[in-house]
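With the hints as constraints, model all of the structure from the sequences given.
Number of protein chains: 2
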Amino acid sequence: MTQVSIIGPGAMGSAIADLVRRSGNSVELLGRDDTGKPVTGDIVVLAVPYGGVAGVIAQREGQFDGKVVVDITNPVDFSTMDSLTVAADGSATAEIAEALPRSQVVKAFNTNFAATLSQGSVGEQPTTVLIAGDDAGAKAALAQIVTDAGLRAVDTGSLSRARELEALGFLQIGLAAGEKIAWTGGFAVVA
Amino acid sequence: MTQVSIIGPGAMGSAIADLVRRSGNSVELLGRDDTGKPVTGDIVVLAVPYGGVAGVIAQREGQFDGKVVVDITNPVDFSTMDSLTVAADGSATAEIAEALPRSQVVKAFNTNFAATLSQGSVGEQPTTVLIAGDDAGAKAALAQIVTDAGLRAVDTGSLSRARELEALGFLQIGLAAGEKIAWTGGFAVVA
Chain L
1 MTQVSIIGPG AMGSAIADLV RRSGNSVELL GRDDTGKPVT GDIVVLAVPY
51 GGVAGVIAQR EGQFDGKVVV DITNPVDFST MDSLTVAADG SATAEIAEAL
101 PRSQVVKAFN TNFAATLSQG SVGEQPTTVL IAGDDAGAKA ALAQIVTDAG
151 LRAVDTGSLS RARELEALGF LQIGLAAGEK IAWTGGFAVV A
Chain S
1 MTQVSIIGPG AMGSAIADLV RRSGNSVELL GRDDTGKPVT GDIVVLAVPY
51 GGVAGVIAQR EGQFDGKVVV DITNPVDFST MDSLTVAADG SATAEIAEAL
101 PRSQVVKAFN TNFAATLSQG SVGEQPTTVL IAGDDAGAKA ALAQIVTDAG
151 LRAVDTGSLS RARELEALGF LQIGLAAGEK IAWTGGFAVV A
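Protein sequences appear in the order of chains L and S. In terms of my numbering, the first sequence has 22 at position 22, counting the first letter as 1, and numbering is strictly consecutive. In terms of my numbering, the second sequence has 27 at position 27, counting the first letter as 1, and numbering is strictly consecutive.
Careful: at least some of the hints might be erroneous.
Claimed, not checked - Pulled from the structure, derived: some chain S residues nowhere near chain L, Cβ distances all over 12 Å:
{"id": "1", "residue": "Thr40"}
{"id": "2", "residue": "Lys67"}
{"id": "3", "residue": "Ala114"}
{"id": "4", "residue": "Ala140"}
What the hints assert, rightly or not - Keeping only pairs whose Cα atoms sit at most 30 Å apart, straight-line, the calculated DSS-like set for lysine-lysine is:
{"id": "5", "chain 1": "S", "residue 1": "Lys180", "chain 2": "L", "residue 2": "Lys67"}
{"id": "6", "chain 1": "S", "residue 1": "Lys67", "chain 2": "S", "residue 2": "Lys37"}
{"id": "7", "chain 1": "L", "residue 1": "Lys67", "chain 2": "L", "residue 2": "Lys37"}
{"id": "8", "chain 1": "S", "residue 1": "Lys180", "chain 2": "L", "residue 2": "Lys180"}
{"id": "9", "chain 1": "S", "residue 1": "Lys37", "chain 2": "L", "residue 2": "Lys180"}
Everything labelled a hint here was simulated from the structure, so no lab data went into it. From a predicted model like this one, the values you see are computed outputs, not experimental measurements. Just so it is clear, CB atoms sit at the ideal spot from N, CA and C, and this is done for glycine as well.
Laid out in structure tokens, this is it:
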């Protein structure tokens, strides 16, 4: 039994919480009123918008040490919808890993719309959670939860692949915002 | 009837040539022995590896003026499989557009494995050709050929979206090279 803490009870945080419950593991979902509660999970999902991550890290200083920290953000410049707000050769995940040197930081879920996590499929394909990170154990622990919940998980490689996952997330959000795809669809991974 | 010239008779060039034939348009496929033949198409597909593009442009100076030029490349550093070889905030397409200021340059096909162009599907979904470029007419002309061939085409936006399409292409090639997906599969677009 793995305890997963999810910070941010929005659409994505709630969908990931349901996924963890379906996997048979336990979950705590922490909102704005829970800033006084320390995180208890071995895996912590930062399910807040990119702009809120630095604040959460500052507020909960030290609480993420030794834990797997999952970054799900898409650092899209929503004012222009024409670029990401992170360094062109970097990623939000790289920034978070630098801010949390005593955590195992992984990227995941940023290429999955919330609805596809809940419905378990994208079109006829099982929803696939793409994961990137430098710690194999951290990635395997997260992948186990995903697969136990009936979804698919694919390890895309090192933390540097977060750059491409964020590009994919950005592209997918742009297509949905432009009504080229539905928020219930997007990129399915055909093995 | 649109005439499409394809430079590079490899797996991708041949698959795109078949697609053009299926669309009811005409195609010429130019190989290494055809460097003396000028391109005759209104649309020219550069179906050579990224490293070969500059040579083709130099060799055929002026022949692309006024034409739609389609860049299908994935400028992956194949020695490391860990990055692209273009500027982090740029793309191969941006480089080609700079080299061909009198052409309408679009990105397309780089997120489609050759087999998925031939089979017309990725899993249960019709194969979707993602297109990016600054000239709406050029994108529409290419999209018409793709849809007339029975595939789907999605306009992903301006030429700057080529950066994300190249990130997606890189990710997909890495997953196939790592045997996480098959070369007959990859990312399907669920509308």
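For a quick check of understanding: which of the numbered hints are violated here, in increasing order? 9
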